[in-house]
Amino acid sequence: MKKTIIPFGPQHPVLPEPLVLDLILDDEKVIDAVPTIGYIHRGLEMMVERVEYTEMGFVVERICGICSFMHGMGYAVSLESIMNVEVPERAKWLRLIWAEISRVQSHLLWLGLGADAFGFENLFMHCWRMREEVLDIFEKTTGGRIIHSVNRIGGVKRDVSDSELAAILARLQELAKAFEETARIFASDPSIAHRLGGVGVLSAADALETAAVGPMARASGIRTDTRLYGANLYDQIEFEPVVETAGDCLARAVVRMREIPQSIDIVRQAIEKMPKGEGLPLENKPRGNPVGETFTRLEQPRGEVLYYVKANGTKYLERFRARTPTFANIPAMIKLVKGCDLADVPNIILTIDPCISCTER
Amino acid sequence: MDREPFLARVEGYHKGGWRLALINAASVLTADEAEQGAVDVTWAFARDAEFEHIRERIMPGDEVPSISPSFSAAFLYENEMRELFGLNVTGINVDLQGQLYKTSQKVPFSPSAIRARLEANAAAGIASATMPVAGAPAHGAAKPAAIAPAAAPAPAASKPGAAE
Amino acid sequence: MSFFSKSPWIFHYDASSCNGCDIEVLACLTPFYDLERFGIVNTGNPKHADILLITGSVNERNIEIVQNLYRQMPDPKVVVAVGACACSGGIFARAYNIQGGVDKVVPVDVYVPGCAARPESIIDGVVQGIAALEQKRKKTA
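As they're listed, the protein sequences go chains A, B and C.
1 is the number of the first residue of the first sequence in the working numbering; add one for each residue after it.
1001 is the number of the first residue of the second sequence in the working numbering; add one for each residue after it.
2001 is the number of the first residue of the third sequence in the working numbering; add one for each residue after it.
No lab work stands behind these hints: they were computed from the structure.
Nothing here was measured: the structure is a model prediction, and the numbers come from that model.
Ideal Cβ placement from N, Cα and C applies to all residues, glycine included.
Hints may be right or wrong, so weigh each one.
[As the list claims (entries may be wrong)] Pairwise CB distance ranges, derived in the manner of DEER restraints:
#1 B:A1124 - A:R223: 47 to 55 Å
#2 B:Q1036 - A:D22: 33 to 41 Å
#3 C:K2138 - A:D162: 56 to 64 Å
#4 B:D1032 - A:E278: 50 to 58 Å
#5 C:K2139 - A:D22: 40 to 48 Å
#6 A:S203 - B:D1062: 53 to 61 Å
#7 B:G1061 - A:E238: 49 to 57 Å
#8 C:K2138 - A:E28: 42 to 50 Å
#9 A:N84 - B:A1124: 51 to 59 Å
#10 C:F2038 - B:T1090: 54 to 62 Å
#11 B:E1035 - C:Q2135: 34 to 42 Å
#12 A:L342 - B:R1003: 37 to 45 Å
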């Protein structure tokens, strides 16, 4: 059989972002896939040369418009650890709450895009309608729908009043109730089971070998979650990572689906545990310029993100590096694409929840 | 760097059930090292909350062996290091032939490229970082750099395994 | 108004955006903002499209892609640059790999500000794009 090479991307209806895979086909079977990125490469990490460390956070937030809050938080946590800044407790809790709300937002976004990819447009519209509720909460509390800019080195910029937090929780719990119906469709609809079930199976051994992170690894039966290690107040939260064992596209969708009510429950616990009252301190401003280096790990909606920051005592950092979850999941994705049918490629690519602007920075 | 002991150490992590967390390169911007074109490469491994790393200083022309025999997922990092830093990484299992990124500048993260950009900025009067001058005290020399993964909770979980 | 401006088809390309504007473009098409009530359909094929929405600034690698997509669209056509990056390079104008706004590569008719651009302003930009499309059609007719 003659081999065919089909270029997938950079403009493809399934992905809003340009990812390029050269798919090498033997008849309908994919036998190899060669990734090419760089269509969104901005050279953001090298902007540390020209942007002072106090302002670099705003650039880091724009690594990706979906996990924008978490990127801003990761940058702030890194600098706080280098400069030994103690963050006020209420600010830490607010960060945790916003982080979990952005997980809900990101997963709803993905479920919608996923539904669109396997031809279930109705479900896409449903998920995105619910997502608007979450964006409303963000807009009300931070001022921005997508880019929030509430993280500061040493704390957060805005407070959210206790009554407002109670209202947010009520709204989220209502959303969780409405989501039950959507979740039921995902779990029981025969066309979804046909399209996703048994497709793109990643075994637990392969997930370890390819260093997969986040929902990708958890759907293959690996209990991994950076939140378990307790930093950023997660040690005070009771939760058990959602783990599925099938490892197929459906399992990856189900993991994200089950994480939505879980995140809402984490928000509830946080609101109960945080110190109450008006006018509590929210920010301890750092002094001087940072010296030293650090690694920071956070659990983003797509998995573990790693930041490396090296500072040399000037107002410009020497090196900033973000290893985003999609970057870590691409080897697993390529492994899955090999051997699958051409028609399944869009679904497999989508179920890793790719964020190309994160990957290329 | 010593190739065989390094690869043996990496294989030790692989056998111990560690996951490859990150391979990171960083141009060393102290006066002498930047002049020579030194790049620090860090291989970081994670096993649940544990986080360890190996660090080597790479000089121009040095060979950096690929760790793909132990960690097959290393190829993206290694291709990236080669394209952005111009490091001579050998034996990558998936060799993307310099086609991963197609940047407007060649090896934009390398010490020489950084120097060129910073000097151009200074000449044009654009606010930016400056290259350290030989003879002057190095940036940040006052305090030794300490590495700890900030997300790991207790010191027990962070074992800096630096080898230089 | 001709049949043309009553149902223009739009086509979206992400040049080097951070995803922020892209998901807002998509959000415009979902029930809450519902761009489709203007008869607008999002298509994945440039040859079907009347309005090109570009988010993000251009870099070395995607210049030819943007030009190629623009070339494939039938005349008359309108380009809407969505977001600060597409207008001028935005916050990334200082990054080494960024060439600048989309207007360095293809002619832009409507500029939509914002980082990220809000759905309301994107809708406004597209509606202004329809007017520009109508003018161009009259000129060529």
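Evaluated hints:
1. B:A1124 - A:R223: 47 to 55 Å: holds (53 Å)
2. B:Q1036 - A:D22: 33 to 41 Å: holds (38 Å)
3. C:K2138 - A:D162: 56 to 64 Å: holds (59 Å)
4. B:D1032 - A:E278: 50 to 58 Å: holds (55 Å)
5. C:K2139 - A:D22: 40 to 48 Å: Distance hint for K2139 of chain C, D22 of chain A holds at roughly 42 Å.
6. A:S203 - B:D1062: 53 to 61 Å: violated (37 Å)
7. B:G1061 - A:E238: 49 to 57 Å: Between G1061 of chain B and E238 of chain A, where Cβ atoms are some 54 Å apart, the hint holds.
8. C:K2138 - A:E28: 42 to 50 Å: holds (49 Å)
9. A:N84 - B:A1124: 51 to 59 Å: violated (36 Å)
10. C:F2038 - B:T1090: 54 to 62 Å: The hint (54 to 62 Å, Cβ to Cβ) holds, given that F2038 of chain C and T1090 of chain B are roughly 57 Å apart.
11. B:E1035 - C:Q2135: 34 to 42 Å: violated (59 Å)
12. A:L342 - B:R1003: 37 to 45 Å: Holds, at about 41 Å.
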